[in-house]
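**Student:** Residue-level listing of the chains:
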Amino acid sequence: MRSISLYTERNTVIHAMDPISKLFYILFALLIPIILPSIKVSIVCVVLGLIFLLVARVFKKTIPVFSFVFLILLTVIIIQGLFRPGNQTTLFHFGPFTLYKEGLMFAFGVAFRVINIVSAFMILILTTKPSDLVESLVRKGLSSKIGYVIISVFQIIPEMMSSMETITDAQRSRGMETEGNLQTRMKAFLPLLGPVILGSLANTKERAMALEVRGFNSKGPKTYLLEEKKYRYSKVVQWGILLGIACALAWRILV
Amino acid sequence: MKKIIVENLKYKYPLSEKLALNNVSFEIEQGEFIGVIGRNLSGKSTLCQAMVGLVPHFYKGAYGGKVIIDGLEVRNYSIADISLKVGIVFQNPFTQITGSKMTVYEEIAFGLENLGISRAEMINRIDFALNLLKIAPFKERSPFDLSGGQMQRMAIASIIAMKPEIIVLDEPTSQLDPEGSEEVFRAIQDLSKQGITVILAEHKMEKMAEFCNRILLLDDGKVVDFDVPEKVFSRDDLGEHGVNAPVYTRVCKALNKKKAGTNDYPVTLEEAVRVLGGMGL
Amino acid sequence: MKKQGLWSLRLSTAALVLIPTAVGINYIGKLFAGLLKLPLWLDSIGTVLASILAGPIVGALSGAINNVIYGLTADPISFIYGITSLAIGLAAGILFYKGWISSWSKAIVAGLMIGLVAAIISTPLNIGFWGGQTGNVWGDALYATVLANTHATWLASFLDEIVVDLPDKLIVVLISFGIFKGLPKNVVQLYNTNNKVENLD
Ligand SMILES: Nc1ncnc2c1ncn2[C@@H]1O[C@H](COP(=O)(O)OP(=O)(O)O)[C@@H](O)[C@H]1O
Ligand SMILES: [Mg+2]
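Protein chains in written order, with the working numbering: chain A, 1 to 255; chain B, 256 to 536; chain C, 537 to 737.
It is worth saying that the hints were derived from the structure and are not from the lab.
Note that CB positions come from ideal geometry on N, CA and C, so glycine has one too.
One should not assume that every hint holds.
Pairs of lysine-lysine residues, derived as DSSO-like cross-links and limited to a Cα-Cα distance of at most 30 angstroms, are as follows [to be verified]:
hint, chain 1, residue 1, chain 2, residue 2
1, A, LYS205, B, LYS418
2, C, LYS717, A, LYS187
3, A, LYS219, B, LYS257
4, C, LYS566, C, LYS721
5, A, LYS205, B, LYS513
Beta-carbon label-pair distances, calculated as ranges [as the list claims (entries may be wrong)]:
hint, chain 1, residue 1, chain 2, residue 2, range
6, A, ARG174, C, HIS687, 54 to 64 angstroms
7, B, PHE399, A, THR8, 13 to 23 angstroms
8, A, THR8, B, GLU284, 19 to 29 angstroms
9, C, PRO575, B, THR358, 39 to 49 angstroms
10, A, VAL255, C, TRP690, 25 to 35 angstroms
11, A, VAL255, C, LEU648, 43 to 53 angstroms
12, A, LEU142, B, PRO392, 33 to 43 angstroms
13, C, TRP543, B, SER280, 40 to 50 angstroms
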C-alpha cells in the first residue's frame, strides 16, 4: 500500500529519539523567538534546526517544503519591503517603487521565524513514524479513540484515493475527456465525486460495526501487543529543553 | 445445553414503518451448525446482528422479545460484553479491516488489546487463530495486501482470537471469487469441528445442505421453518419463499426420488447418488 | 426525528469513524480542485459534512485532525491553521443545528458566514506567522494593493483572507448540502446519538 506519510527511514540519533521530545523541541522553536525577539536569537534557532535536519540525514527531503515556503517568503520580503506601514529608511529605488529598510528587516524576522518553525516540525515529521508518535501520545494519556482516528486516516486516505483513481481510469478508458477546458474537466470529474463520497460514508457504518464487535467500546483498561518503545535520555532532553525555555525567560526579565 | 434462546423477537429499524423481525423464536444447542436462509431483505442480516447486540444497541430502533446468549440477555448488555460470547463476520472483507494496524498479526490483536488481554495470552491466541485459519504465512503482510479470501479469513481469525463460543457469519463469501469462497467455507468447517457454535447466513444452498445441522428459513422477518436440511429443502413452498433447494434436491424432486423410508428428498450429492444409483444411472 | 444534543461529548463509534472519512473527503476535494485547476481549496467538504451529520464537536475534531494529518504528510504550516479548520467545523455544526443549512438559499448565507468565521480566525494567524499574507496569489496581490494605499496591515490581511475564503466556503457548503440531501435516511440516522431503544413488548 502506498504511504502518504513523509517519514523517512534512517538510522540516526534523531530517529531514535522519543517523539515527545521532538514535540518539546517544536514548543522550544515556537517560544524562543517570541521570548527573545532578536534576529540573532532567531538565526541561532534556525541554525540549530538545520543542524538537526542534517544529523538526521533528511535534509534533501525538506527541499520541496522549503522551496514552497521560500516562494511565499520572497513575496513577503517584496511586499513588506515596499509597502510596510512605518517604512522610512530608503535602501534603493527601482522604477516607481522604493525598497525600505524597516520593511525588509521585518520581513527577514518573519522569514527566520517561519524557517525556524517549519524546520522544527520537519524534524518531527521526517524522522518519526506517525504510528510511533500516536502511540507515545496515547501512552501519555491521549484518548486511544482519537489515536485510532489519526492512525486510520493514514490507511483510509490511500484507499479512497485508489478508488478515486480506479473510477478516473475507468472514465478515461471509456473515452471520457479528462483534459481540456474547465467545462470538460468539470464534466469528467463532477460525476465521480458523488459516488466516492457516498460510498465512503456507507463504509463508515460497516467499519463502525466491525469495530464495535471487537470491543472498541470496552470499558476496562487496554493492553498493547507491541512492547512500549524505550527511548533513551528522554527525561534529560525534555528537562533540558524546559530549562532552556526557562533561561530564555529569565534572560528576558533580568537583562 | 441451550446456547441461544430467542423468544418472540421483534425489531423495527429507526425511521422504518415495518418490522424487520416479527416474532422470531428458536433455540440453538451448544456446538450446532445452523444455516439461515431466505430471500433478499427477509431479515437474515438483522437476525445475525441481533445475536451480537448490534440490534438494537448500534441502530437503536424499536425492540421486543428476548435474545439470550449463554445466559446473557442481549438487551441488557453492551456490545463489548456480548463480544466475549459471540463474534460476527460480515460480507465485505474491506470494511472489517480496522485501518489502524500495519500487519495481519497486529490486526488480529486489535480486539484483544481492547479487551485488555495480557501480552502472553494475546500471542498464544493470535498464533492459534492464524493457524486455524491457515493465514500464518501472511502474518507480516499489510492487511490490505491480501486476496479477498485471505482478508475474510483474517476477519474470522480476528474474531476467533477473542475466543467466542458462538460465531455468526453473514454471507461471508458473497463478495469473494469461487476460490476465495472455497477457502472460507473450509475455514468455517474447521471452526465447527473445534466445537464452536456456528450460525451462517448464506445463499449457496448446496453448501448449506452439506454443512448444517439445522436450517432456519426466514421470510418477511418471520420464521417459516427451522428443521434439518432434508425437511426444509423438501418443502413444496420453498419457491414461494424465494429460496431454491440445492440442485441435487431439485433433480430428485423432478424425478420424484425420495430418500428410502422417508418423505424427504436428498439434499447432498452423496445422498442423491445413493438414491439415484438404484436407477442404474 | 429528534435532534441530538448539540454539545454531546459522548461520541458514538459511528461518529468517530466518520472523522477519518471526513478527512479523506477533504483530501478528495483538494485533489479535485487541483485536477480542475480551480482557484479554490475545496478542502473542507468532509469537515462540513461531518458537522452536519454528527454535530459541531465531531466537525471540529474532523477539522483539527485534518490539519494535523496534512501537517504530517504534506505541509507543516497546516498545523497552525488547524485552529481555523476547527472553527469551520464548529460554525458549520452550530449553523446546521440552528436550521441555517436547511435549504439552498439558507445554505448560501451559511456558506458566507462560515467563510467570514474562517477569515476572522485566520487573519491573526496570518499576521503572526507570515506578517499578514496567505500565500494565495490573488489574495496576496490584494494585500499588497491595500497595504500600499491604506497602510492598514490588519485590514489588508483580512481582505487578503476573505477574498479566497468567502467563495471557497460558499461552494464547500453548497456541495456539502447537496451531498447531504442525497444521503439515504438510514445513513443520516446513524449519527444521531440521542435515540433510545423503544420497547415493543
Ligand atoms: N439500516 C437499516 N435501516 C432501515 N431498514 C433496514 C436497515 N437494514 C435493513 N433494513 C430493512 O430490514 C429488512 C430486513 O433486511 P436484512 O436483514 O438486511 O435482510 P437480508 O439480510 O435477508 O437481505 C428489510 O426490509 C430492509 O429494508
Ligand atoms: Mg443481508
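**Student:** Each of the hints needs a verdict: does it hold here or not?
**Tutor:** Structure-based check of each hint:
{"no.": "1", "hint": "A:LYS205 <-> B:LYS418", "verdict": "holds (25 angstroms)"}
{"no.": "2", "hint": "C:LYS717 <-> A:LYS187", "verdict": "holds (21 angstroms)"}
{"no.": "3", "hint": "A:LYS219 <-> B:LYS257", "verdict": "holds (29 angstroms)"}
{"no.": "4", "hint": "C:LYS566 <-> C:LYS721", "verdict": "holds (27 angstroms)"}
{"no.": "5", "hint": "A:LYS205 <-> B:LYS513", "verdict": "violated (46 angstroms)"}
{"no.": "6", "hint": "A:ARG174 <-> C:HIS687: 54 to 64 angstroms", "verdict": "holds (57 angstroms)"}
{"no.": "7", "hint": "B:PHE399 <-> A:THR8: 13 to 23 angstroms", "verdict": "holds (22 angstroms)"}
{"no.": "8", "hint": "A:THR8 <-> B:GLU284: 19 to 29 angstroms", "verdict": "violated (58 angstroms)"}
{"no.": "9", "hint": "C:PRO575 <-> B:THR358: 39 to 49 angstroms", "verdict": "holds (43 angstroms)"}
{"no.": "10", "hint": "A:VAL255 <-> C:TRP690: 25 to 35 angstroms", "verdict": "holds (32 angstroms)"}
{"no.": "11", "hint": "A:VAL255 <-> C:LEU648: 43 to 53 angstroms", "verdict": "holds (50 angstroms)"}
{"no.": "12", "hint": "A:LEU142 <-> B:PRO392: 33 to 43 angstroms", "verdict": "holds (35 angstroms)"}
{"no.": "13", "hint": "C:TRP543 <-> B:SER280: 40 to 50 angstroms", "verdict": "holds (43 angstroms)"}
When each numbered hint is compared with the structure, violations occur for hints 5 and 8.
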